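Participant: The whole structure should be built from the sequences, with the hints applied where relevant.
Per our numbering, residue 489 is the first one in the sequence shown, and the count goes up by one each step.
Hints listed in this document are in silico derivations from the structure and should not be mistaken for laboratory results.
Keep in mind it's a predicted model, so treat the numbers as computed, not measured.
Even for Gly, the Cβ is constructed at its ideal location relative to N, Cα and C.
There could be a bad hint or two in this list.
[As the list claims (entries may be wrong)] Between beta-carbon pairs, the in silico distance windows are:
#: 1; residue 1: T639; residue 2: V754; range: 26 to 32 Å
#: 2; residue 1: V522; residue 2: E703; range: 28 to 34 Å
#: 3; residue 1: A614; residue 2: D500; range: 40 to 46 Å
#: 4; residue 1: P563; residue 2: P600; range: 28 to 34 Å
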Amino acid sequence: MLETSGNVRSIDELLDRVRSAAYGPGPAQERIAVAFTTTQAVRHAGRTSGYRNEVLSLRLAEAVGSCAVEPGALPAAALDDCVGATVAELLDHPLLPIRIAALDAYLTHARPHTPANGARPYALPAGSSLHKSRARARAVVDLLPVTRLRTVLVVGVVNSLLERLRTRGIGYIPCDLKGGTTEWGEPVRTDAGAELEHCDAILASGMTLGNGTFEPLLAHAAATGKPLVMFAQTGSAVLPRFLGSGVSAVCAEPYPFFWLDGGPGVVHRYGGAQ
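Facilitator: Right, dumping it as structure tokens:
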């Protein structure tokens, strides 16, 4: 019997459901045709700092699943491990980013981002990288409640998201494993768990799936009822499965990402403010 809702409480539970074909075709019958990485360096016009991204992506039929990794962290054999392998095999791969990318590819294939599956399309305009970044930030931040927010814990610092929070008059605690400072000179914390008691909502990157830090955020949100909004290039089709189990909203952005093209684009929103 196929699953039609979320309410998944852990990555392991979701993996078990996929292995049992709860969402569609058996993963042992689905093979990855193409594996590739996308590496990006960016410094938006007018910004004082930049950053680098690297993303592993796997192609399954018409779907692409992705997981961000630290630049240079993937071993040289990672792509060879993926090409031609079944989804079932990759769900048991020793590297977490490969497991997440395979899971995302499968769920993007089995549960595409359509209104029938709960997604609401949100158009991104054509324009510069900064213009599109700010447009995406609106799509993400505006999924938070419109009232009773004092401080948001932001896990995975994106300056455009912080800028949008500032525009809305909402305080924030920036947190990222890389540390550093924000565009406004604010220190970036590196331990999200230590900051959970000091916020009344959480805004977190899908990268938390790939580095193993997602489930503590999910557990805290589920236990406290705090809004947990995910912005997801990593695991765009994975995170909607956690709606109702701690995740309150998702801004899903499957490949190709907004920073790859200056033309119009679309993200897909689930839950949150309507």
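Participant: Return holds or violated for the Cβ distance of P563 and P600 against the range 28 to 34 Å.
Facilitator: holds, 31 Å
Participant: Taking the CB of T639 and the CB of V754, does the distance hold inside 26 to 32 Å?
Facilitator: holds, 31 Å
Participant: Evaluate the given range 40 to 46 Å for the C-beta pair formed by A614 and D500.
Facilitator: About 41 Å separates the Cβ atoms of A614 and D500, which means 40 to 46 Å holds.
Participant: At the C-beta level, are V522 and E703 separated by a distance inside 28 to 34 Å?
Facilitator: holds, 30 Å
In terms of the numbered hints stated before, the structure departs from none.
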